[in-house]
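Now for the letters of each chain:
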Amino acid sequence: MAGRLPRWLVAITVAVYAFLHAPLLVLVVFSFNDSKFSAAWEGFTFQWYARLLERDDILDSLWVSLEVGLISTVVSTLLGTLLALGLARHRFRGRAAMESLLYVPIVTPEIVCGISLLIFFMFLKNVLHIPVVLGVPTIIIAHVAFNISFVTVVVRSRLEGMDRNLEEAAMILGADEFTAFWRVTVPQLWPGILSGALLAFTMSFDDYVITSLVTGPGSSTLPIVVYGMVRKNIEPSINAISTIILVVTALLIYASDRLSKPTALKP
Amino acid sequence: MAEPVVEFNNVSKTFAGQKAVRAISFRIEKGEFFSILGPSGCGKTTTLRLLAGFEVPDEDGGEVRIEGQVVNNRRPYERRLAMVFQNYALFPHLSVERNVAFGLEQRGVPRAQMVERVRAALDMVRLDPAQYGPRPPAALSGGQRQRVALARALVLEPSILLLDEPLGALDLKLRKEMQLELKSLNRRLGITFVYVTHDQEEALTMSDRIAVMDNARVAQLGAPAEIYERPRTAFVARFIGESNFVIGEVVATERGGVVVKRADGNLVAARGGEGRAMGETVQLAVRPERVELTGPDQAPGGQNMLPARIRQVVYRGEMLHVRATLGDGSEMVAAMRNEGQLRRPVVWQEGTECAVTFSPDDTRVLEPEPA
Amino acid sequence: MAEPVVEFNNVSKTFAGQKAVRAISFRIEKGEFFSILGPSGCGKTTTLRLLAGFEVPDEDGGEVRIEGQVVNNRRPYERRLAMVFQNYALFPHLSVERNVAFGLEQRGVPRAQMVERVRAALDMVRLDPAQYGPRPPAALSGGQRQRVALARALVLEPSILLLDEPLGALDLKLRKEMQLELKSLNRRLGITFVYVTHDQEEALTMSDRIAVMDNARVAQLGAPAEIYERPRTAFVARFIGESNFVIGEVVATERGGVVVKRADGNLVAARGGEGRAMGETVQLAVRPERVELTGPDQAPGGQNMLPARIRQVVYRGEMLHVRATLGDGSEMVAAMRNEGQLRRPVVWQEGTECAVTFSPDDTRVLEPEPA
Amino acid sequence: MMELRRAWLRWLSRHPSLRAWSVMFPGAWWLLVFFMVPLGFMFAYSFMERNVYGGVEAGFTIEHYARFADPLYMKILVRTVVYALGCTVASLLMGYPVAYAISRSGPWKNLLVFLVILPFWTSFLVRTFAMIFLMRDTGLINTTLMGMGLITEPIEMLGTPAAVMAGLVYGFLPFMVLPIYSSLEKLDPSLLEAAEVLGAKPAARFFRVVLPLSMPGVVAGSLLVFIPALGSFLTSDLLGGAKEIMIGNLVQNQFTSARNWPFGSAASFVVMGVVLLAVFAYLRSRDDDALAGA
Amino acid sequence: QGCSGEEAKAPPAPAPGGTPGPAPEPELGPIEGELHIYMWSDYIAEDTVPNFEKEFNCKVTLDTYESNEEMIAKLQAGAGGYDLVCPSGYAITVLKHLDLMEKLTRKHIPNLGNVAPIFTSTVFDPTNDHTVPWQWGVTGIAYRKDKLPTPPDSWALFLDAALKGKVTMMDDMRDNIGAWLRYRGKSLNSVDPTELAAAKVDALAAKVNLRAYISAPVKAQLVAGDVYAAQLWNGDTMQARAENDNIEFAVPKEGAAIWCDSLVIPKGARNIRAAHEFLNYILRPEVGASISNFTGYGSPNKLASEKLATPVPYPSEEQMKTLEYQQDLGAGTAVWDQLWTEIKSS
Ligand SMILES: Nc1ncnc2c1ncn2[C@@H]1O[C@H](COP(=O)(O)OP(=O)(O)OP(=O)(O)O)[C@@H](O)[C@H]1O
Ligand SMILES: Nc1ncnc2c1ncn2[C@@H]1O[C@H](COP(=O)(O)OP(=O)(O)OP(=O)(O)O)[C@@H](O)[C@H]1O
Ligand SMILES: [Mg+2]
Ligand SMILES: [Mg+2]
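Protein chains in written order, with my numbering: chain A, 1 to 267; chain B, 1 to 371; chain C, 1 to 371; chain D, 1 to 294; chain E, 1 to 346.
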């Protein structure tokens, strides 16, 4: 069924993509604007990119953000997918309760989540004398905690109504539960896992409120730096770094999409 | 007798209050070609799934043994069997060759050998590895998918192979070729086959033994000829091949047989029926191909003979079925060899008076069906 | 001749560079029971899908007409047909009865009537509406699912009904019952059937006409008896039923037939073969059930006769196949009625010398296969 | 290693409920320890006395919950719910077609999915300021329209509810698109064909087959949009001119300017309670459906 | 890493003015490890930290926060690790109440005497025990002189219906309600219900004219001309003015908030000696001037203030009568919050 999409549907899709990307276009354009306030076009310049080289704090925080984003995405995607699997595939008492608990992190206001974690970490440190140091590890813990739910909800929706027969086929061919999960379930779930992971990374990469509360000296993430700069005024070097991130990810995505061809069975 | 490879002891399985398999027991010997035959929904697939380990018998639902070990709680991958699924269950994200290679990879077969075996398996199911190997299952026809499913199981050369209608989507010619391949694997490698099929001829030609299931129970278990020639119940007689039934009251019992009187007064002699009392109503069965038609007064002696009138001649390829109505309105069918209707049509025409004759040796007394 | 209901004119369909259907043409009359038969992967499903409108013919790929209108670009729901899919395609989110009701709802059938028709359709496929109606398709056995798919199409009583192996997962007995139901719908309501099946007997008994497909082409199109008795090519002869083949050089041509000389010098007379020249090598076919075995010197006159030696007797339920080796090592099969092997075994034993005889009238000259 | 793994699996297979929990354990444990326990502290806080310098003081009171009786807060709650609902509906109407188009776009699928999320790898504030630039009086949209002579006066966009809605939808669209996409992606095309040949026109096909089968994605997406939209606070400030207050602002303010932690916690728990009850009721009803069907 | 303490070649300390008799002060250890500063972003000149690092051979990490409460919450929870933080005036009061500040060791801050007298002994730290003033400013009105007929001199500007949609006020309850309290001649720290009720009436009257409640980001709109007048800080106004010299700053005649952010050493600081060195360092005239030149705000450092590129003169005695520091409202905060919520949601 290579049924072509109706024209109106294509039109809506294009419009939505335009809606999503129009602000990006502005952002990219203004990264070359010779004005500090992005008020109007004042002329072309590379100065904001040059300035990035001086702003160690932006680059440092970008690395922290990437580190936090990647690790927390991997961990939360893994845990969230397993949780979704357990919920979808097994019937046990209190499943609905367990499932609605999943929504707690989603409904909890960020500030409440952040402060409660801060208090919790300090409780561990000062009352239980567990040596907790605020910094990248605590940020990762926090991000995983609020990302698991998002991943689980998304993956769960993909699992709904999925055929168990394929896993059975894998098992009768000699794969145990782990292998069957990895070789068969994961590829079937892939769009769900990918969606969940993308959401998780996005939220981690863009979180300010919670991160600012559980971060420690010397581990600012990009949003913390950006929020600081933006509080006063959005300096175009932020546009420049955003542009670089966009271009690099777009290239990476394109390249990986090109490279990932199905592998043939070769000796 | 040697240790059976597979043993079901009183195994039951219930789905949502409905019994899909009801206390069935059987044993399968090593290297045996064991078929399960039965109407749709009788529990064949469930039986295979119990054996494969996808379903666990009910609590107190008996035990499944493989090579003497109770395996009720053994995981499927620990049972070292292979299975062809009724709905194929091909991995949609893997190419045909990777589907077939899957089990080999799990067993750690070296790469070079794997490629060779995958190619051989695809060849065996008549799929060109070069042409179909790299395709995704979605780009195959129904029969091609079924063959991939078959290849995926065969390539493992397991000691026990479960097949759930593995040839159902194939045309007759290919099916025959596959039957020969399967049978030769069975012989050559000593693989034990547990085979579900709807095709009776297939079951009859290929099997060492057949279990006929009905309504979650095993109705009869035996060698093909035994089941075909000596069906125990009306269900089996009707289900395997076709049968003519005669109902009557026992008027005489002799050694190895009875004589029955039909409602219209005609007597019919039959074999079997041990323990049936005089006056009891019994059902007799006789296969259409054991039935002869003669002129009303040309019936040979020593045969059961019932006067009849030809109702219809049905063309069925190799065979012709002639349906005749008896005096009481019931019907009997005689199967004749089709010797060419265009040139040498059968002599029987609708409305002709005739006699239906059949030997008492071909007539069997049936047991009553279980409740 | 009346306007055909369905017409294919040189229709082609290519998938990824491979022709799945190659310039096929045929016409189907109103109320006809038209079957498509052919080996796995020959393009049957693709043909049905072209007719249903799921596939569009290639550019310059001919035209599909329904009731005289070119429908190449008409959407399926505008074609007012119904179809049973090879893989069932039941809606997993709807119960059995809602699956069956789906098409009626689309047609705005009033509620009360709908319930009645759904119940009738489920009854027709032998599924108890009370028991199975509320179940989701996932809780059905394979054959039960197929029956739901069938009911879902039948309930609509469309003017054209496409069926892609609709009975493949059913046991023989049920299949026969369904065949009768389908045939009666065809007769009673004048529904035009386009029927894909692997079961030759099914095709032969039910069809008005059969198209035998081979490798994306129509190999022969005709009434069942014609196809069975007068296959045009070796492919059709081999594919429909079984055939014995004889190869030789034409040594004489007579009106309506030829005489052929085998490599071992034996002469065989056959019908057909118009336009074949002397000296040309031709292939002849004769059905096993038209072949008789006699003692080496008891062969009747006027028949083709080839000396042979019995190689094997194969038990096949209703029939026995006796395989005999000719002088040059080639093999011929004679099909005999099974008259009870336990009691009245055939006289032919492995190794017996015999004569294979068959009438020239049963022997047909085949056309050479297309490239 | 392998032996250990198999032994473990074998043992698990004999204990079905442990099997479920062994899969869920790591995630559940993380949620419990790093979310529920800390939240427990906050729950306790919501019953304590406020410390005027931040934090809480020992004591027990329900005054912070009682404060919700004030119509002021009810009004805020209702307004927030209206915005969140509007945002959910708009996201659904925009996101569903996009998700559908992506799921039917063959080899471009992954690329299109990434393009949906790509804008979100820039900072929220940066994006929002870019939107402000587009929407303000001397912004790109107005100057373009005026340049083309379509309007003479700039359209006032910033500071209107429409701008807030646009911002909310912008921010949450991927949360709608991705789950729907992932559940549409597995839709078996032969089901659509079956519907079509049974006479279903495009609309019927959509409402009777596609939509029900993608319902898990729609539900997940709607929850993932609606719930966070309830708690959003910056969008309405930046695009709406901060002239209205949402429940998110209220909570945020309690921890910042008002330094009233217990009331802030209580406010969050009230919202959480309402939402979770609704979710729980929904899940229960769905479970019952599933059981009735099986 | 391991910064070896190298005694600073600090300039000779001028005699500290107005400092009471020296109490015995503890000796501080050497400069150890890194110096962690936690402050508002963009609030320090770009050369300040590098020069310090070079001179004292001590690595400095700068982390930023966006609200006093965020910083207080972390200190309050006991998340130490910062050596210097930069609270606003009222936040100093909070930190004091929560006992989260270290006492300064004055002998290590010889430059303390450079601080202008009006920024010593403030209401927040009357004894100058804990704070070193950092930057000061006034919340007034930034306006486009080309768009307004006459320069504004009163908060009444925001009640002028003629400017409907062209003016903004800050999105902060203290600044906003405070302005309306001043407008009626009341203290901007008032908790008197009737005074607050009157302020609410004015605030609501202004709300209909306002384009938005918005703080610093209004600069771009001022530059672009979408907004003609905005309640804003003087320093931010100066930054905007650099882009468009039609922008001017006015302090309403009714009075306004003056503020002064300070550096303090929080409890739990690890590198107290380095923190002192840093405090002393920023009190150098040229360092202080560099910082203020960058931020656009005034420097509380008298010597630095004289060196500014664009002078930000200290308020006169006269002006000081109407300028007022925001003080912590204690229990009154809740009343204000309720009021602010009402204003926002009406
Ligand atoms: N989507 C596809 N892409 C590529 N090739 C296809 C596709 N679908 C079918 N084919 C090929 O087209 C040919 C005809 O397929 P079709 O499904 O019509 O066969 P069929 O006659 O129905 O076979 P079967 O009896 O096995 O169902 C097959 O060789 C098949 O591999
Ligand atoms: N998951 C299930 N839930 C409820 N009932 C089920 C389930 N699976 C199967 N059944 C029922 O159990 C019975 C046996 O099913 P099974 O699949 O074993 O039949 P089968 O003999 O393989 O039939 P077929 O030849 O049609 O495939 C059927 O009546 C079926 O409806
Ligand atoms: Mg089955
Ligand atoms: Mg097919």
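If you're looking for bench data, these hints aren't it; they were derived computationally from the structure. One or more of the hints may lead you astray.
Straight-line alpha carbon distances no greater than 20 Å define the calculated EDC-like cross-link-like pairs of lysine to aspartate or glutamate that follow [stated by the list, open to error]:
id	chain 1	residue 1	chain 2	residue 2
1	D	LYS243	E	ASP245
2	C	LYS173	B	GLU55
3	D	LYS243	E	ASP160
Covered, in the sense of this in silico footprint (three residues per stretch, anywhere, with C-beta under 8 Å from a C-beta of chain D), are these stretches of chain A [unchecked claim]:
id	region
4	22-28
5	50-56
6	126-137
7	170-179
8	214-226
The beta carbon of each residue, even a glycine, is placed where N, CA and C say it ideally should be.
So, going through the hints one by one against the coordinates:
no., hint, result
1, D/LYS243 / E/ASP245, "violated, 29 Å"
2, C/LYS173 / B/GLU55, "violated, 28 Å"
3, D/LYS243 / E/ASP160, "holds, 18 Å"
4, 22-28, "holds (count 5)"
5, 50-56, "violated (count 0)"
6, 126-137, "violated (count 0)"
7, 170-179, "holds (count 3)"
8, 214-226, "holds (count 3)"
The structure is inconsistent with the numbered hints 1, 2, 5, 6, although it conforms to all the rest.
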